[in-house]
Amino acid sequence: MATASKPNLDHPTFAILKEAFPAITLRGTEYRGQSTLIVEPQDLHKVMTFLKNDPRCDYNFLSDVVGIDYLGYPAPTIGRFAVVYNLCSYERDDRFFVKVFLDPSIPTDGIEEDPALYVDSVCDLWPGAEWTEREVFDMYGIRFRNHPDLRRILTWKEFPAHPLRKDYPLRGRGERETYRVIDRTDA
Amino acid sequence: MGIEAAIPAQGFLTTSLQKLINWSRRSALWPMPFATACCGIELMATASSRYDLARFGMERMSFSPRQADVLIVAGRVGIKMMPVLQRIYQQMTEPRWVISMGACASTGGVFDTYATVQGIDQFIPVDVYVPGCPPRPEMLLEGIRAIRRHIDQEGLPPTGGKRVPLSIAIEPTHEVAPQPTIGVTVGAT
Numbered sequence: 001m002a003t004a005s006k007p008n009l010d011h012p013t014f015a016i017l018k019e020a021f022p023a024i025t026l027r028g029t030e031y032r033g034q035s036t037l038i039v040e041p042q043d044l045h046k047v048m049t050f051l052k053n054d055p056r057c058d059y060n061f062l063s064d065v066v067g068i069d070y071l072g073y074p075a076p077t078i079g080r081f082a083v084v085y086n087l088c089s090y091e092r093d094d095r096f097f098v099k100v101f102l103d104p105s106i107p108t109d110g111i112e113e114d115p116a117l118y119v120d121s122v123c124d125l126w127p128g129a130e131w132t133e134r135e136v137f138d139m140y141g142i143r144f145r146n147h148p149d150l151r152r153i154l155t156w157k158e159f160p161a162h163p164l165r166k167d168y169p170l171r172g173r174g175e176r177e178t179y180r181v182i183d184r185t186d187a
Numbered sequence: 188m189g190i191e192a193a194i195p196a197q198g199f200l201t202t203s204l205q206k207l208i209n210w211s212r213r214s215a216l217w218p219m220p221f222a223t224a225c226c227g228i229e230l231m232a233t234a235s236s237r238y239d240l241a242r243f244g245m246e247r248m249s250f251s252p253r254q255a256d257v258l259i260v261a262g263r264v265g266i267k268m269m270p271v272l273q274r275i276y277q278q279m280t281e282p283r284w285v286i287s288m289g290a291c292a293s294t295g296g297v298f299d300t301y302a303t304v305q306g307i308d309q310f311i312p313v314d315v316y317v318p319g320c321p322p323r324p325e326m327l328l329e330g331i332r333a334i335r336r337h338i339d340q341e342g343l344p345p346t347g348g349k350r351v352p353l354s355i356a357i358e359p360t361h362e363v364a365p366q367p368t369i370g371v372t373v374g375a376t
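Heads up: the protein sequence lines correspond to chains A and B, in order.
The opening position of the first sequence corresponds to residue 1 in the working numbering, with each subsequent residue numbered one higher.
The opening position of the second sequence corresponds to residue 188 in the working numbering, with each subsequent residue numbered one higher.
One or more hints might be untrue.
Calculated cross-link-like contacts (lysine-lysine; reagent style DSS-like; alpha-carbon spacing at most 27 Å) [claimed, not checked]:
1. Lys267/B <-> Lys157/A
2. Lys166/A <-> Lys267/B
3. Lys99/A <-> Lys46/A
4. Lys99/A <-> Lys6/A
5. Lys52/A <-> Lys99/A
6. Lys18/A <-> Lys6/A
I should point out that these hints are in silico values taken from the structure, not numbers from a laboratory.
If you're wondering where the values come from, they're calculated on a predicted model, not measured in any experiment.
Here chain A stands alone, though its shape is the one from the complex (with noise of 0.2 Å):
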């Protein structure tokens, strides 16, 4: 693996955010001029809402939130799972993403509710980070609390994976051959 070149950490908002959160731990990264805040799962509801309301941040679009599974990444990485929030500030023409990292605490190939795998949900400070969640979610079984209405948004309700983590099949472990079968006399 090349060495890494040193992240350039000049991005405004890093500043900002080290002086309102003088207790908290906050990391930051950077690649290609994006600008990238790592925070503790517990503190990444006010520190999205200082995001969005400091009129120095002034962060008022969610553009994505995506879920990335890091299983057998070459790269040491500080959790298994990550969310990142794609911000944007259409006033002050600027971009921030914000990670936060997961370790699930049960094994990873089944439904069953994590209590690792759990972030708050900020869609109380923007409404249209509810379906991207549910994508989270519904791909990586990572649930948000405080969600409105948590339910899996792609694939079908009874569907027994969470299908874009990495020790699950590209070819599923049989879903897509379990469904009825008609023939001509139904009708």
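Use these hints to put chain B onto chain A, whose structure you have.
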């Protein structure tokens, strides 16, 4: 071909009732388009003036399955879509035919993933498979003509009994144009 050509100067002709029914049935196969992907674009092109599906009495896309004769499944189908597809199939009245158009509907195509149906014939009966990715309109017309030939020869499907799907696979009817091999350079020379 219109019926006028078969009518002699006296203005009447004799035929069997079965042939007349078959002729009228095959001349107005109303399609039920189930277009979920790029095959649907070719299906629309088939209905356009260049390929003119109206020649076969099929210009009237029947968006009500109860008034349709041919279900054209054009595109990939996920398991989540199967209840819809099966419901549409069940709502169609006999006689009914199903065309599986393109690689995805017939086999899943390149979408060899957890939620994509690997061939709709696993779950509903399919009469004609039209290969291609997507098939050209000529191929789809060939599939439609296969159903028309079948109606002409076989007539009505047996009532009450379970008609076996026809399982007709259409062969390509066109010649592939030769690829240019001279005077083409790729990248820096």
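Q.
Check the hint pairing Lys99/A with Lys6/A against an upper bound of 27 Å on the C-alpha distance.
A. holds (19 Å)
Q: Could you grab the alpha-carbon distance between Lys166/A and Lys267/B and see if it respects the 27 Å cut-off?
A: Holds, because 22 Å separates the two Cα atoms, which is no more than 27 Å.
Q. Given the proposed pairing of Lys52/A with Lys99/A, does the C-alpha separation stay at or below 27 Å?
A. holds (15 Å)
(Q) Between the alpha carbons of Lys18/A and Lys6/A, is the straight-line distance 27 Å or under? (A) holds (19 Å)
Q. Is the Cα-Cα distance between Lys99/A and Lys46/A 27 Å or less?
A. Distance of about 14 Å is within 27 Å: holds.
Q. Has the given pair, Lys267/B with Lys157/A, been kept, meaning a C-alpha gap of at most 27 Å?
A. holds (9 Å)
Checked against the numbered hints above, the structure violates none of them.
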